[in-house]
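Make the full structure from the sequences, and use the hints.
So you can see what is in the structure, the chains are spelled out below.
2 protein chains.
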Amino acid sequence: MLRLQRYYSSKAGVLTTIRDLLQIKDAPQGKIEIKGWIKSIRRLKKVSFIDLHDGTTSAPLNIVLPNVGEEEGTIASQRLKVGQSLKIENATLCLTPTREQPFELSCSRNDISVLGDVTSEYPLQKKYTSLAQLRRLPLWKHRTTYFGGLMRIRSHVETKLNSILAKEGLFKVQPPILTSSDCEGGGQLFNVEANALRNSKDKNAEKYFGKDAYLSVSTQLHLEILAHALSKVWTLTPCFRAEESDTNRHLAEFWMLEVEMCNIETTQQLTDFIQLITKRIAASLIENQENLLPKMRPEKGADERQVVIERWNKLLDDKWHKITYTDAIKVLQHRHAEKKFETEPLWGVALKSEHEKWLAGEHFQGPVFVTDYPKQTKAFYMKQNPDGETVACFDLLVPDMGEIVGGSVREDDYDKLISEMKLRKMDIEALQWYTELRRQGSMPHGGFGIGIERLVSWLYGAQNIRDAIPFHRTAKTVIEL
Amino acid sequence: MLRLQRYYSSKAGVLTTIRDLLQIKDAPQGKIEIKGWIKSIRRLKKVSFIDLHDGTTSAPLNIVLPNVGEEEGTIASQRLKVGQSLKIENATLCLTPTREQPFELSCSRNDISVLGDVTSEYPLQKKYTSLAQLRRLPLWKHRTTYFGGLMRIRSHVETKLNSILAKEGLFKVQPPILTSSDCEGGGQLFNVEANALRNSKDKNAEKYFGKDAYLSVSTQLHLEILAHALSKVWTLTPCFRAEESDTNRHLAEFWMLEVEMCNIETTQQLTDFIQLITKRIAASLIENQENLLPKMRPEKGADERQVVIERWNKLLDDKWHKITYTDAIKVLQHRHAEKKFETEPLWGVALKSEHEKWLAGEHFQGPVFVTDYPKQTKAFYMKQNPDGETVACFDLLVPDMGEIVGGSVREDDYDKLISEMKLRKMDIEALQWYTELRRQGSMPHGGFGIGIERLVSWLYGAQNIRDAIPFHRTAKTVIEL
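These protein sequences, in sequence, are chains A and B. Residue 1 is where the first sequence starts when you use the UniProt record's numbering, and the numbers rise one by one after that. Residue 1 is where the second sequence starts when you use the UniProt record's numbering, and the numbers rise one by one after that.
Don't take every hint at face value.
Intra- or inter-copy, both count: the list cannot distinguish identical chains.
Lysine-lysine pairs mimicking DSSO-like chemistry, simulated, CA-CA at most 30 angstroms apart [what the hints assert, rightly or not]:
1) K476 / K203
2) K476 / K172
3) K279 / K160
4) K160 / K172
5) K476 / K211
6) K31 / K352
7) K357 / K127
8) K279 / K172
9) K81 / K31
10) K167 / K314
11) K416 / K31
Hints in this document: simulated from the structure, not taken from any laboratory.
Quick look at the structure:
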């Protein structure tokens, strides 16, 4: 609103965006110039209606184009086609307060120039196209309401996270993507080598980095170094896992927001912080719901939009659910006695996706922190609890999706860390740089990682995290583009 | 200031940061708790002075610790060592308006707990350590004033860029890092394969992605797709080049901020936008100079801080220098006639680093946009100028560093693009997805890429871009951590 008024007061007819136009509450003076792509055309006897989109907001702009005469041959929109990019100059607005779009944008055919034509192969037509079909159209799918909406919400969430974390005094840092070892021990690494050396006939040629290099699966270990210099740090980086499993919750290339902070002694400090971040994001989404949430979505019921808005509102609650792993197992076993899971919930074994989804989706019906997992189910660097059996960690589970955040207090005692690594038969020499941090001015510290595609999918009500990244990478995916 | 006052009014003695403390203008009530690392200790007869840092700001906090008696054996700081992490409780402030630090923070030895001790091997002692020596201490170097300062300024610049671009209506997107081809044609690619498959004995095993995969050298081509759906997009991603050259301006892994926008028809629109962004960053740096710019730096003269502040102020000028490549060659040839460059400047040949540095550093003595390079010196996708010889592109050159931004209007005419690719003998089939964008609702568009490490180094007055990324990756670098 503000931006558009500025445009108008400074110069009549300045190029504006559909997002700005749709926020108009009173009819502005002057002519409007707008650019965008044709989403649909409806040709009636006296007028044609054109829906134009430019990707800046969820709803299209409805344009009224009077036909010159009543014969078909003089219909003004006759050479216009879905998918073309247009420039419209000299358009005028008049208010229509009783309709869904509170104004009518009118222009004549002479005010419209086609900037880019389409061929007959242009695949996005008015007819219904399933998400599965759209996924096979990576060049075009982001022009649709559903995929465009995911990109807009992702942008909004990332931008908001950036400003929240800066305000809380965290420094943004960029740990390395190319690393020398599989620090988490997951084993699903990608190996990297200079292409010229890989294809070299000289088998004795030295490796580009002098040794094997891999793509990072998590930047946490490097973040701990930086937290021990800057107190509180965060990063947003791509992570890579050569997953074999081809599910709607896994990607070979995904983005993770990781936070690492000194002065962390309990998981409570971390879960409070996550709650604070998430509430601010939710508040901001609610405030911007008009722009961010499309009116309708493919493969969904009509009230799906309301479900998502309720999900956002629920995040504003002060009291979030929290349960220890040990208590969660009791609840799960109780349920298992009545109605079997596929896998029996057993103390000491990692939770299965079905357990996570039931806990968040049915038992708590909302986000739940599960804390203090048995140490054998978690990574070596987590701080041991006084019971000697569990570690000071947590996962945040949400309905439909399961885990979207995982974090822990880190073991800052050198001797305990080394003995745990020995128990796990880890290569202590290779991680000497990491353990050394505990010998030189160590601080109690902890942190967490948020899977951005999982978070964004859940906030949008999307079922498949592949849709939350513009061009997804999974096993055997064709990566032509 | 605001934050600290909030701490104090709500609760006495709450943990605060050194950054907040140093902004105090009047003596607050209550006790202070602070954590940090010892930077130096000065032991006098009656008192010990401790410099504490926590990474939140450039300057350390000076703490006054009275000795219990006058014999050495009772000096309060005797078991304290440089590098230890401390918790200090019950400290009190009294104002010292005439000194450099406008207050004195006092505590007794009983108020100090050592959180993490150091061994005798801790390398950061008070004595002078060169940048070259510090570069070999990646675990510890970020605790120094110089390297910590670089991280803080990088964080500030990235956070600011995020908010500026959001305000200007650009969407943040995440194009893929794993790609199928060398789109820019530079040839210095890294190849990626699942480690398990690489080590597999089965030579017929299918590749993880079904074909060769590489690390992205630029996300631009994918950004163009997204700009054709969302109008204006940007991204911040790691880029990878298997550089052979081992200079202080090259990295194998670096971060690039790339912008791509529809409705761009001239380079002027892009250079105006870059100027707008850069001026806002400069204004924000000037406003935060107390926190961001250390008082002294190793290997530099005492007035180096003033040089950097002047550099920032100069960015606020409305008129930036701009010159066409053709005119720049004339200026360079004129200079060459008087005082030879190593390489003769010739029209049609790319500028050398020595030419760039002389233009920005000596001739214009400030940032300069060089525009309209000959097409054979630039990438295939740049829009041809009517002269048929040059393209609508620009580089932003700055003193000391050379190029920090490069951009262009893109060729949106399908036929012109294809004929240029044929001239360059490119694999048109492999880039069919990219050229197809010109056939389906194309828009005039353009964009640019900013090398973050180069920008940050230049803004900080750093000579080596390796220092602007926490853990640098270059050919033959040991990547132990």
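Structure-based check of each hint:
| no. | hint | verdict |
| --- | --- | --- |
| 1 | K476 / K203 | both (29 angstroms within a copy, 17 angstroms between copies) |
| 2 | K476 / K172 | between (34 angstroms within a copy, 27 angstroms between copies) |
| 3 | K279 / K160 | both (11 angstroms within a copy, 23 angstroms between copies) |
| 4 | K160 / K172 | both (14 angstroms within a copy, 11 angstroms between copies) |
| 5 | K476 / K211 | both (27 angstroms within a copy, 9 angstroms between copies) |
| 6 | K31 / K352 | neither (59 angstroms within a copy, 48 angstroms between copies) |
| 7 | K357 / K127 | neither (35 angstroms within a copy, 57 angstroms between copies) |
| 8 | K279 / K172 | both (21 angstroms within a copy, 21 angstroms between copies) |
| 9 | K81 / K31 | within (24 angstroms within a copy, 71 angstroms between copies) |
| 10 | K167 / K314 | both (24 angstroms within a copy, 28 angstroms between copies) |
| 11 | K416 / K31 | neither (72 angstroms within a copy, 34 angstroms between copies) |
The earlier numbered hints that this structure contradicts are 6, 7 and 11.
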